[in-house]
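Engineer: Chain by chain, the residues:
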Amino acid sequence: MSKQPWGILAEFHTPEQLWKACERVRDAGFTHWDAHTPFPIHGLERAMGLKRSWVSMVVLVLGLGGAAAGMGLQWWASTQAYPLVVSGKPLFSWPAFVPIMFECGVMGGAAGAFLGFLGLSKLPQHHHPLFNSKRFERFSDDRFFLSIESTDPEFDPEGTAWLLRSQGADHVEVVEA
Amino acid sequence: MEIQTPSLPSDRVALPNQGIWRRLPTLGMAIGVVGLLLTGLLGKGHPADALHSYLVAFLFFLSLGLGGLFFVVIQFLVRAGWSVTIRRLAEHVMATLPLFALLFIPIALGIHEIYHWTHADAVAHDPILQHKAPYLDAGLFHLRAIVYFVIWSAIGLYYWRTSRRQDEIGEASITRRLQNLSPLAIILYGLSQTLAAFDWLMSLDPHWFSTIFGVYFFAGSVVGILAVLILLALSLQRAGALHELVTWEHYHDLGKLLFGFTVFWAYIAFSQFMLIWYANIPEETEFFAARWNTGWKSTSIALALGHFVLPFFVLLLRDVKRQRLGLMVVSIWLLAMHYLDLYWLVMPNLHHDGPALALADVTSLIGVGGLFLAVLTRLMAKGALVPMKDPRLAESLLFENA
Chain A
1 MSKQPWGILA
11 EFHTPEQLWK
21 ACERVRDAGF
31 THWDAHTPFP
41 IHGLERAMGL
51 KRSWVSMVVL
61 VLGLGGAAAG
71 MGLQWWASTQ
81 AYPLVVSGKP
91 LFSWPAFVPI
101 MFECGVMGGA
111 AGAFLGFLGL
121 SKLPQHHHPL
131 FNSKRFERFS
141 DDRFFLSIES
151 TDPEFDPEGT
161 AWLLRSQGAD
171 HVEVVEA
Chain B
1 MEIQTPSLPS
11 DRVALPNQGI
21 WRRLPTLGMA
31 IGVVGLLLTG
41 LLGKGHPADA
51 LHSYLVAFLF
61 FLSLGLGGLF
71 FVVIQFLVRA
81 GWSVTIRRLA
91 EHVMATLPLF
101 ALLFIPIALG
111 IHEIYHWTHA
121 DAVAHDPILQ
131 HKAPYLDAGL
141 FHLRAIVYFV
151 IWSAIGLYYW
161 RTSRRQDEIG
171 EASITRRLQN
181 LSPLAIILYG
191 LSQTLAAFDW
201 LMSLDPHWFS
211 TIFGVYFFAG
221 SVVGILAVLI
231 LLALSLQRAG
241 ALHELVTWEH
251 YHDLGKLLFG
261 FTVFWAYIAF
271 SQFMLIWYAN
281 IPEETEFFAA
291 RWNTGWKSTS
301 IALALGHFVL
311 PFFVLLLRDV
321 KRQRLGLMVV
331 SIWLLAMHYL
341 DLYWLVMPNL
351 HHDGPALALA
361 DVTSLIGVGG
371 LFLAVLTRLM
381 AKGALVPMKD
391 PRLAESLLFE
401 NA
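First to last, the protein sequences are chains A and B.
With our numbering applied, the first sequence corresponds to residues 1 to 177, in that order.
With our numbering applied, the second sequence corresponds to residues 1 to 402, in that order.
Be a bit skeptical, because a hint or two may be false.
Claimed, not checked - Result set (DSSO-like, lysine-lysine): computed pairs, CA atoms no more than 30 angstroms apart in a straight line:
1. A/Lys89 / B/Lys44
2. A/Lys89 / A/Lys3
3. B/Lys256 / A/Lys51
4. A/Lys122 / A/Lys89
5. A/Lys3 / A/Lys134
6. A/Lys89 / A/Lys134
Hints listed in this document are in silico derivations from the structure and should not be mistaken for laboratory results.
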């Protein structure tokens with residue numbers, strides 16, 4: 001018995017064709033699939049039926065966490081670890097700590113955006129089965145690709161290939177795992 | 001060069017015939033005159049009280065006009081494409097600025113009731129005021145006010161007229177000319193509004209000074225104009241105008257700017273506070289002492305929470321910025337907070353112990369507001385609500401948030 005392929009890759013000539021194919025695939029109920037384009041296409045996320053990214057939530061949590069940690073560190077340092085009266089002010093002089101709290105919040109938010117994006121995109125990966133396809137190289141040049149994984153509950157080798165061809169794909173191939 | 005722009009149906013770019021829009025020029029004028037007369041009557045016994053109330057109302061609506069001027073000029077300065085379909089609304093708000101030269105007359109006449117430094121006997125016993133006398137001089141105060149109004153009216157009317165002229169002749173060179181003038185306009189605006197904030201607000205407490213004060217006033221005025229633009233566009237669309245010209249993409253960006261300037265206001269307010277708190281020098285701390293060690297403390301806390309903390313978290317939500325009710329509530333709230341901010345700046349100089357609401361607060365707000373709305377809708381009734389021949393109109397219509 002041959003190994004289960006990774007999935008199917010369809011190649012389109014124009015963004016319009018890809019857009020229509022995305023809408024069709026979305027409406028057919030596929031969930032494990034993606035579109036690959038040489039440049040961002042506004043609104044393609046709607047054609048693909050993508051839900052809102054969780055990145056903003058990660059940024060919020062890490063941003064607030066960073067701010068709390070920044071304030072907490074200063075509270076600990078100036079009231080617990082090394083209490084020192086500065087210019088006759090209380091030990092916990094919070095207004096003086098706000099700039100550092102703010103900076104720590106920004107750092108947490110920025111780290112959240114960077115790491116959240118990488119994590120949710122499952123990056124970095126040293127290899128991806130799509131690189132087994134020679135034609136796929138043109139996704140960063142002048143072709144528009146749509147890939148559907150074999151793990152998708154709706155996936156069926158012949159039916160899915162036919163669906164993609166019916167949307168005007170120039171070339172449909174099976175990608176090995 | 002004549003430019004090709006998408007043609008817009010006239011019913012979408014004209015002031016709506018239904019609703020209150022066409023009646024506001026006369027209705028607002030009537031309400032405004034009544035409000036001002038009532039304020040004048042209330043001021044008969046206690047001119048200082050009524051004049052302070054009037055100053056708050058005057059500065060509130062003036063700041064909207066100045067915010068409009070900033071918004072328009074900055075769009076030309078950065079050659080913005082996204083904002084073309086809402087820029088005309090800001091141009092109308094900006095073109096109300098000459099009205100405020102007229103509305104300044106009560107303040108110019110009542111200068112003695114409002115500004116302590118105009119009392120020669122007080123200055124005679126006060127080395128600090130003597131030191132500041134070359135700037136805080138009644139004659140120079142009036143002269144500077146004239147200069148401010150000349151600058152604002154000149155920029156406002158010139159941009160308003162020239163932009164509307166483009167609707168008729170469709171010349172791309174007009175956009176280029178307004179772009180080329182924008183650096184000069186923004187510098188004149190920045191300097192004049194900073195000095196105006198010093199003259200009319202900061203000198204209420206003539207011993208106190210803060211070099212960031214002009215920026216503080218600016219931050220509040222931009223929050224104000226953004227809220228006004230959102231409310232104007234939403235209510236015009238409800239009445240059937242601007243259909244598909246101002247989209248949720250534009251509202252989303254206005255909401256983001258509103259969020260940004262709410263944060264900027266807090267940043268400036270805190271910067272002003274922290275340095276003064278840290279240095280702890282009496283001539284600087286008196287401003288905050290008057291607003292913290294008195295009955296004004298709760299107002300100060302309400303301002304920090306209402307003008308920053310609450311809108312910060314509400315405006316973080318994407319859905320609020322892309323939804324009618326959410327945007328409307330936040331915009332009205334922030335306008336109210338902007339008024340509270342000015343009230344908090346002015347009134348502790350009159351009522352030292354704590355807030356004391358007066359009827360004149362309401363009548364002057366209605367008075368200045370009525371005239372402001374009357375002039376604004378009168379300007380809006382003349383010609384299109386959108387710069388129909390702006391070379392970047394198509395870009396603005398297709399604008400999408402990335």
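Engineer: Given the proposed pairing of A/Lys89 with A/Lys3, does the C-alpha separation stay at or below 30 angstroms?
Structural biologist: Distance ~72 angstroms between A/Lys89 and A/Lys3 Cα, so the pair is violated.
Engineer: With a cut-off of 30 angstroms on the C-alpha distance, tell me whether A/Lys89 and A/Lys134 pass.
Structural biologist: Violated. A/Lys89 to A/Lys134 sits at ~69 angstroms, over the 30 angstroms cutoff.
Engineer: With the threshold set at 30 angstroms, check whether the alpha-carbon distance from B/Lys256 to A/Lys51 stays at or below it.
Structural biologist: holds, 21 angstroms
Engineer: Does A/Lys122 pair with A/Lys89 here, judged by a C-alpha cut-off of 30 angstroms?
Structural biologist: violated, 49 angstroms
Engineer: Take the C-alpha atoms of A/Lys89 and B/Lys44, compute the straight-line distance between them, and say whether it is at most 30 angstroms.
Structural biologist: Given that 30 angstroms is the threshold and the Cα spacing comes to 48 angstroms, the pair is violated.
Engineer: Mind checking the alpha carbons of A/Lys3 and A/Lys134 for me, to see if they're no more than 30 angstroms apart?
Structural biologist: Measuring from Cα to Cα gives roughly 20 angstroms; hence the hint holds.
In summary, the numbered hints that this structure violates are 1, 2, 4, 6.
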